[in-house]
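Line order of the protein sequences matches chains A and B.
Residue 1 is where the first sequence starts when you use this note's numbering, and the numbers rise one by one after that.
Residue 1 is where the second sequence starts when you use this note's numbering, and the numbers rise one by one after that.
In case anyone wonders, no lab produced these hints; they're calculated from the structure.
The calculated DSS-like cross-link candidates involving lysine-lysine, where the alpha carbons are at most 25 Å apart (straight line), are:
| no. | chain 1 | residue 1 | chain 2 | residue 2 |
| --- | --- | --- | --- | --- |
| 1 | A | LYS71 | B | LYS94 |
| 2 | A | LYS8 | A | LYS165 |
| 3 | A | LYS146 | B | LYS120 |
| 4 | A | LYS146 | B | LYS54 |
| 5 | A | LYS188 | A | LYS24 |
| 6 | A | LYS167 | B | LYS54 |
| 7 | A | LYS71 | B | LYS120 |
| 8 | B | LYS247 | B | LYS54 |
| 9 | B | LYS228 | A | LYS210 |
Residues of chain B placed beyond 12 Å of chain A at every Cβ, according to the derived structure:
| no. | residue |
| --- | --- |
| 10 | ASP12 |
| 11 | THR197 |
| 12 | SER216 |
Positions of the beta carbon are idealized from the N, C-alpha and C atoms, including for glycine.
Given next are the chains, with one letter for each unit.
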Amino acid sequence: MIEIRGDKKVLVTPVSAEDLADIKIGDIVWLDGDLMTCRDVAHRRLVEYGRELPYDIKGKAIFHAGPIVRKIEGTEDDYEMVSVGPTTSMRMEKFEYEFTKLTGVRVIVGKGGMGPNTERACKEFGAIHCVFPAGCAVVAATEVEKIAEHHWDELGMPETLWCCKVKEFGPLIVSIDAQGRNMFEENKVIFNERKEAAKQAIYPEVKFIK
Amino acid sequence: MTREESVKLMTDKMAKFVAHIAKKLPDDVVAKLEELGAQENAALPKVLYETMTKNQNLAVSLDRPSCQDTGVLQFWVKCGTKFPLIDDLEALLKEAVVQATFAAPLRHNSVETFDEYNTKRNVGKGTPTVFWDIVPNSDQCEIYAYMAGGGCTLPGKAMVLMPGAGYEGITDFVLDQMTSYGLNACPPLLVGVGVATSVETAALLSKKALMRPIGSHNENENAAKMEKLLEDGINAIGLGPQGMGGKFSVMGVNIENTARHPSTIGVAVNVGCWSHRRGHVVFDKDLNATVDTHSTVDLNQ
Chain A
1 MIEIRGDKKV LVTPVSAEDL ADIKIGDIVW LDGDLMTCRD VAHRRLVEYG
51 RELPYDIKGK AIFHAGPIVR KIEGTEDDYE MVSVGPTTSM RMEKFEYEFT
101 KLTGVRVIVG KGGMGPNTER ACKEFGAIHC VFPAGCAVVA ATEVEKIAEH
151 HWDELGMPET LWCCKVKEFG PLIVSIDAQG RNMFEENKVI FNERKEAAKQ
201 AIYPEVKFIK
Chain B
1 MTREESVKLM TDKMAKFVAH IAKKLPDDVV AKLEELGAQE NAALPKVLYE
51 TMTKNQNLAV SLDRPSCQDT GVLQFWVKCG TKFPLIDDLE ALLKEAVVQA
101 TFAAPLRHNS VETFDEYNTK RNVGKGTPTV FWDIVPNSDQ CEIYAYMAGG
151 GCTLPGKAMV LMPGAGYEGI TDFVLDQMTS YGLNACPPLL VGVGVATSVE
201 TAALLSKKAL MRPIGSHNEN ENAAKMEKLL EDGINAIGLG PQGMGGKFSV
251 MGVNIENTAR HPSTIGVAVN VGCWSHRRGH VVFDKDLNAT VDTHSTVDLN
301 Q
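In isolation and in its complexed conformation, chain A is listed as follows (with noise of 0.2 Å):
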């Protein structure tokens, strides 16, 4: 569902694939709810062992991240989140495709851009990419009110699954929307034109060996 508070458009776990309708590349939102940390192995185990994830995340949001967690003194499994910041979301990227079509999953949160098989799964299942600022790890610890449940442990802290309780979790920006369009590509020929002619620029520049 969607809430709209004060300036802030924030989603609210479970989010629907009509939430998402109206949402454009460039929009900055926010995310209430749960969200999943996810990012290269549990995918694999996932998509390509077909290994079923141990925690539900169908309408829910996942971050492409490996936080630094604390345990909480005094008890015996409770973690609190230290720093997480988004991690390449490139990365996952071969395996994104399936595992939005196996977990239903509608919020992907990450850094930088993704391709195709993303964009497929975006438009075909009813899914978002967002950026949060990268680097960003403290705001973005700071908007998480609890760790609720921790899966896959042994994969060490990076890796493990922290299934997050978030409060306006954000500045998301939307970078790959519910139709497909992916704001990374499309500026992506931007950059490369101007690439060209600076280029061009520099060449007459070095010629350095005569």
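With chain A's structure known, arrange chain B on it following the hints.
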């Protein structure tokens, strides 16, 4: 002080320094980000720079690593042959990383290759990496500490060009890497370029170039000119903060170079992300530490 006490003192100082680097950016990076951020006026880059600034302030006030990826630690050491702890240095740097990992805390970033398990101590075979330069007749030890995060390590690339490709070929090599990988590596970037004779010589120089202060120049006039040309050229692409568009792409371009074989041009590129966590400290023979990258820490207290 006994030798044991000396080793402990330097270990503690290095552990404190590593933890500090994780939480506070160096002075030159802070100044450059302020300069670049102030010149953006579109909504998206402004929101991004604001969030970045808020994050750095929160990291200090909450005493936490500013980025969750605290990297694999790399140390560039220039050690005098007469520095009293030269024999202990590599082991004590490893111990300092373990200490900082639990004190800061840092993320566990050492995965043993082939056996493929995380050591959960942030150290492993060959990590932290220590690169040695030995300085004859000196009793000082100079250390650059660098947190090599995954995101900014990914764009790293080295190759050997034929001389026919010339410096135009170097231009292509660097700029192409910016639009393919650089934009995902958390711009504005600091770009390190190595120009030498082979892949390994160029690669080492490209990382060493990232230790140099932002705004410094190669002492060779043509190399300095090329630094500026590449900086302006990459900025003209307009990657913006986080690669999402803006007026600038980079905090700077630093080139390091050596002579080359007449038949080859070795070239390599390495980038530092906007959260460029490197620090520089000099120890004298009595282990007094002088830090010139961070005005925010005193290791002697």
